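In order, the protein sequence lines correspond to chains A and B.
The C-terminal residue of the first sequence carries number 597 in the working numbering, and the numbering is unbroken.
The C-terminal residue of the second sequence carries number 343 in the working numbering, and the numbering is unbroken.
Think of the hints as simulated: they come from the structure by calculation, not from any bench.
For clarity, every value in this text was computed on a predicted model and none was experimentally measured.
Even for Gly, the Cβ is constructed at its ideal location relative to N, Cα and C.
Where hints are given, some of them may not hold.
Stated by the list, open to error - Examples of chain A residues toward chain B, derived with CB under 7 Å:
#	residue
1	Gly87
2	Glu88
3	Asn91
4	Ser112
5	Pro117
6	Pro121
Claimed, not checked - Coverage of chain B stretches by chain A, computed from C-beta distances (three or more under 8 Å per stretch; other residues unrestricted):
#	region
7	77 to 85
8	212 to 220
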Amino acid sequence: MAYDTDIQISICGSAGDGTIAVGDIFKRAMAHIGYRVIAFDQYPAEIRGFGKCIARTRVATSRVYSMKGYSDVLVSLNDLHAIPHVGEVRNYGALIYDSAPMSAVAEGAHISGHLKPGHIPYALPMREVSELATGANRSRNFVALGFVAGLYQLPQDAFHHAIAAKFESKAAAVTKSALAAFDSGFEAGAASYQFDDVRIDAPRGRKSTHEARMMTGNGAIVQGCLDAGIETFFGYPITPATGIMEHLAVEMPRHGGRLVQTEDEIAAISAAIGAGYAGSRAATATSGPGLSLMTEMMGLGVMAEVPVVIFVSQRGGPSTGLPTKTEQSDLNLAVWGGHGDARRIVLAPTNVEGCRRCAGRAFEIAEQFQVPVIVLVDLYLSNRYETVFLQDENEFLPKNWKPATTPGAGYRRYELTTDGVSPRCIPGEAGGIHTATGLEHDEYGNPSDNSGTHSLMTQKRHEKLQAAIKHPGINFTKRFGDSGKVEVGLLTWGSSFGEALEAMLLAQQEGIRCAAMKVVMLSPFPVRSVLRFYKDCQQILVPELNYTGQFAKLLTSEIALPVTRISHATGAPLDVANLVEAIRRAARKHRRRHNAA
Amino acid sequence: MPSSTHHVVLGNGIAGNHAASVIREREPDSRITIVSAGALLFYNRYDLPNVFRGRQHWVDYLVHPPEYYESRNITLRRKTQVTELDTRTQTLSLAHRETLHYDKLLIATGGHAYIPERLLDYTKLMLGFHNFIVAMQAQKSVRKGGTVIMLGGDVMGIDLARTVIATGHRVILVLDSRTFWPHEVTPSERVKYLQALTNMGVEVQDSGRVERIEMISGTGSARRVFLENGEHIRGDVVMPFYGLVPTVDFLATSGIDMERGILVNPQLQTVRDNIWAAGDVCQIWSAKHNAYRFFYGYRNVKAMGEVAAHNMTGKKATFTSTVSEELVINRDGTLYSPYWEYD
Ligand SMILES: Cc1cc2nc3c(=O)[nH]c(=O)nc-3n(C[C@H](O)[C@H](O)[C@H](O)COP(=O)(O)OP(=O)(O)OC[C@H]3O[C@@H](n4cnc5c(N)ncnc54)[C@H](O)[C@@H]3O)c2cc1C
Chain A
1 MAYDTDIQIS ICGSAGDGTI AVGDIFKRAM AHIGYRVIAF DQYPAEIRGF
51 GKCIARTRVA TSRVYSMKGY SDVLVSLNDL HAIPHVGEVR NYGALIYDSA
101 PMSAVAEGAH ISGHLKPGHI PYALPMREVS ELATGANRSR NFVALGFVAG
151 LYQLPQDAFH HAIAAKFESK AAAVTKSALA AFDSGFEAGA ASYQFDDVRI
201 DAPRGRKSTH EARMMTGNGA IVQGCLDAGI ETFFGYPITP ATGIMEHLAV
251 EMPRHGGRLV QTEDEIAAIS AAIGAGYAGS RAATATSGPG LSLMTEMMGL
301 GVMAEVPVVI FVSQRGGPST GLPTKTEQSD LNLAVWGGHG DARRIVLAPT
351 NVEGCRRCAG RAFEIAEQFQ VPVIVLVDLY LSNRYETVFL QDENEFLPKN
401 WKPATTPGAG YRRYELTTDG VSPRCIPGEA GGIHTATGLE HDEYGNPSDN
451 SGTHSLMTQK RHEKLQAAIK HPGINFTKRF GDSGKVEVGL LTWGSSFGEA
501 LEAMLLAQQE GIRCAAMKVV MLSPFPVRSV LRFYKDCQQI LVPELNYTGQ
551 FAKLLTSEIA LPVTRISHAT GAPLDVANLV EAIRRAARKH RRRHNAA
Chain B
1 MPSSTHHVVL GNGIAGNHAA SVIREREPDS RITIVSAGAL LFYNRYDLPN
51 VFRGRQHWVD YLVHPPEYYE SRNITLRRKT QVTELDTRTQ TLSLAHRETL
101 HYDKLLIATG GHAYIPERLL DYTKLMLGFH NFIVAMQAQK SVRKGGTVIM
151 LGGDVMGIDL ARTVIATGHR VILVLDSRTF WPHEVTPSER VKYLQALTNM
201 GVEVQDSGRV ERIEMISGTG SARRVFLENG EHIRGDVVMP FYGLVPTVDF
251 LATSGIDMER GILVNPQLQT VRDNIWAAGD VCQIWSAKHN AYRFFYGYRN
301 VKAMGEVAAH NMTGKKATFT STVSEELVIN RDGTLYSPYW EYD
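Based on the provided sequences and hints, a complete structural model is requested.
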């Protein structure tokens with residue numbers, strides 16, 4: 001019988017156990033087989049030590065939008081770390097663990113003592129199997145991976161392929177022992193009776209004609225940058241944005257671009273603005289603490305009307321906060337942060353494919369509207385893997401800013417035009433001489449403290465951005481679910497939209513009429529389409545990952561209507577089950593009111 | 001009784017589960033842990049022959065759903081093999097190198113299939129029927145209309161034979177002194193009962209004991225069984241049913257008194273104050289027989305669980321069997337054992 005596969009497997013271990021490595025192989029193998037995959041790893045903030053690592057992968061035959069709130073399978077490579085996660089596993093789901101630890105464990109320290117009655121245990125002497133297969137116990141992570149593949153009868157070849165690809169640059173012996181350990185685990189898994197009800201059906205024929213690739217949000221941002229022809233990048237490392245720079249550092253030289261690691265974030269944004277001013281497609285990437293430092297220079301970008309793209313991946317804050325945990329708490333800073341009325345454009349993609357699209361379009365938009373554009377993601381989206389189907393042809397437009405038609409003596413770099421966008425010349429262009437400054441200026445760029453000039457220029461800098469809402473090739477809002485009037489509407493942004501959409505689909509299955517809208521452009525705010533959606537919904541829920549309800553506040557300030565906030569600040573993504581419960585509550589409330597009326 | 005008492009019940013069978021539920025009724029606050037070497041929740045092994053009738057999902061055999069344990073706050077430790085008992089420190093050593101402390105211990109580890117010594121070399125060529133996985137393997141090994149060769153023929157085997165025959169297969173039973181175990185039968189009764197087996201459709205093979213077993217190459221589980229008289233028979237699967245031996249190997253160094261099983265008084269207490277035993281694993285002192293005796297069958301085993309639970313929680317209870325030990329011939333000439341009865 002064909003049914004929809006939709007399972008989530010979590011591998012939990014200590015740093016050094018190879019947890020993330022086998023999680024990575026698992027997701028790549030599953031994507032290669034043809035499943036839709038979405039994955040999110042958690043690892044400790046400390047580089048050295050024995051912190052907890054969890055690799056969670058959701059595998060499905062149809063598209064899924066978020067991680068599940070529970071797992072179907074949990075593999076423990078370290079019981080101390082895995083025990084707190086046992087409750088994640090559903091009834092009749094599987095727990096796979098080492099039945100022969102190296103040394104004696106205290107009472108209660110072995111995972112077998114923590115299983116719930118509904119869990120199905122698979123005890124495997126991982127260490128011993130690894131030793132027999134490879135002569136060392138180091139490869140028990142591969143034994144565990146093989147066990148999973150064998151138990152669920154997954155194609156061994158796909159895993160061999162993924163293992164070989166993973167260790168391509170390593171000595172052949174590394175691949176050999178990983179394969180030997182995997183195969184031994186596979187044999188043990190295949191020989192085990194499957195008591196759990198985890199079913200992994202063969203994937204259906206794929207609809208897309210494009211090649212499936214596994215990408216993280218950061219990887220997709222890099223792809224978007226490359227597809228858009230990024231020329232210069234300046235950055236300073238910070239979790240979780242570092243991956244963008246690391247990846248670009250490899251790719252940009254191959255594509256004729258330049259990347260410089262600067263001494264700090266202030267230097268990075270300054271250099272990026274300089275490069276943007278010089279006509280280069282320029283970007284930087286940072287996280288909340290770095291964005292705090294960049295805000296002053298972003299003001300210069302706004303004032304001097306310089307295109308530049310700033311990728312921001314949020315983590316838990318404030319201050320150093322939670323470097324390896326996710327949060328959506330830099331919305332205020334991205335939209336409003338800094339001094340003066342420094343309006344800029346802020347885009348917040350909701351999934352991995354969206355990261356590529358927003359990154360690519362961000363360069364066009366920055367150039368067209370001559371302004372810094374922030375692409376705001378969070379750790380959950382930056383590090384989350386999804387299967388994406390990339391199109392072969394590059395959809396992003398080449399440089400296409402409003403040129404100065406008559407440069408020369410009368411050239412007005414900041415001319416007040418009907419759309420607010422002025423003709424642009426880059427340094428070195430004949431007749432394009434002008435002053436670019438952080439001071440308020442007149443149409444020529446000459447400093448001016450005239451109140452009328454300030455008023456007109458402030459208006460220009462704001463009004464020119466309104467048209468960005470209509471920029472082609474990207475949906476700045478998108479509605480899903482039931483059309484027309486609904487009982488409950490979910491309005492949210494960024495990575496949280498996946499959970500909101502999953503919750504909406506589940507609520508629909510329960511007969512609740514509901515819809516969800518993602519808002520990708522946070523500044524300027526797409527008021528009209530959001531209002532339209534608002535009017536269709538009896539109740540609006542706004543789930544997001546911060547304490548103060550930053551998006552909800554932005555929303556109410558823009559549309560001046562009440563919403564119900566579901567704010568969640570734990571450092572972890574939203575819980576779909578909790579969201580479904582919130583939708584149920586809202587629907588019940590609506591029905592009571594409706595019946596009373 | 002202090003509420004923190006940790007009752008450890010070793011064994012997830014009838015005796016252990018019934019004892020745990022009675023302990024919980026009597027002591028709502030104490031800690032109860034059932035330890036089991038198996039992976040599954042408590043399921044009804046008496047029903048296992050039904051795998052031949054197509055009931056092939058293990059969940060269908062569960063006695064209690066998972067919620068049962070949660071609602072009673074009974075911890076169930078599965079895939080947890082006890083390797084040693086230290087009565088001095090009151091700890092059980094577990095195969096995965098953990099120790100488990102108990103205040104009161106009930107040993108209800110049941111029994112496992114007895115294989116005569118002369119056949120031990122052929123263990124790999126036979127399939128038991130002692131758990132769900134093996135039952136499924138056995139069922140899958142027998143072709144439609146195929147043949148099961150049963151060796152010995154204890155009451156578990158005869159019970160299975162009824163279903164195997166009813167589902168369109170052949171059963172050839174190679175007789176042994178342990179045929180009808182644990183019923184003790186006189187030579188004249190044996191003749192009657194063998195006739196009853198024939199009436200049930202069992203093909204009785206009385207040409208002497210099994211000499212050796214051979215794999216028929218290229219056939220999976222098909223085997224040839226050679227008998228003492230030189231004859232051989234062929235079947236899809238060979239299943240030993242020579243009765244049970246108590247599972248007591250982990251008690252070798254414990255100082256608990258044992259003969260074949262654990263020796264207990266009629267209150268089911270061992271030589272240690274805080275250790276009891278119940279079910280197939282124990283031999284109970286019978287004043288009537290002036291000997292320690294095994295008492296088999298669902299009703300006996302369940303009653304033992306109850307008696308042990310009462311005594312572990314401060315009440316005085318004594319085990320007495322109410323189960324007849326006689327085989328019966330039904331009106332239609334077929335055989336019936338009181339041990340086949342269960343709730
Ligand atoms: C297929 C089948 C059919 C049967 N049919 C009948 C029948 O019709 N009539 C009849 O009278 N009897 C029958 N029996 C026998 C019957 O099952 C037993 O009499 C009864 O189950 C005994 O119950 P118990 O609680 O003593 O032990 P069991 O049910 O055998 O349970 C023993 C438990 O102890 C655990 N255990 C053992 N050793 C260890 C260890 N070292 N560490 C941790 N855990 C351990 C096991 O995992 C198991 O959970 C049948 C048996 C089988 C296998």
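To see whether the hints hold, each was checked on the structure:
1. Gly87: 12 Å, violated
2. Glu88: Interface hint status for glutamate 88 (chain A): violated (16 Å vs cutoff 7 Å).
3. Asn91: OK, holds: asparagine 91 (chain A) within 7 Å of chain B, min 6 Å.
4. Ser112: 5 Å, holds
5. Pro117: At 4 Å from the nearest chain B Cβ, proline 117 (chain A) passes the 7 Å test, so the hint holds.
6. Pro121: Hint on proline 121 (chain A): holds, closest Cβ of chain B at ~4 Å, below 7 Å.
7. 77 to 85: holds (count 4)
8. 212 to 220: violated (count 0)
Violation of the numbered hints given earlier is confined to hints 1, 2, 8; the remaining hints are satisfied by the structure.
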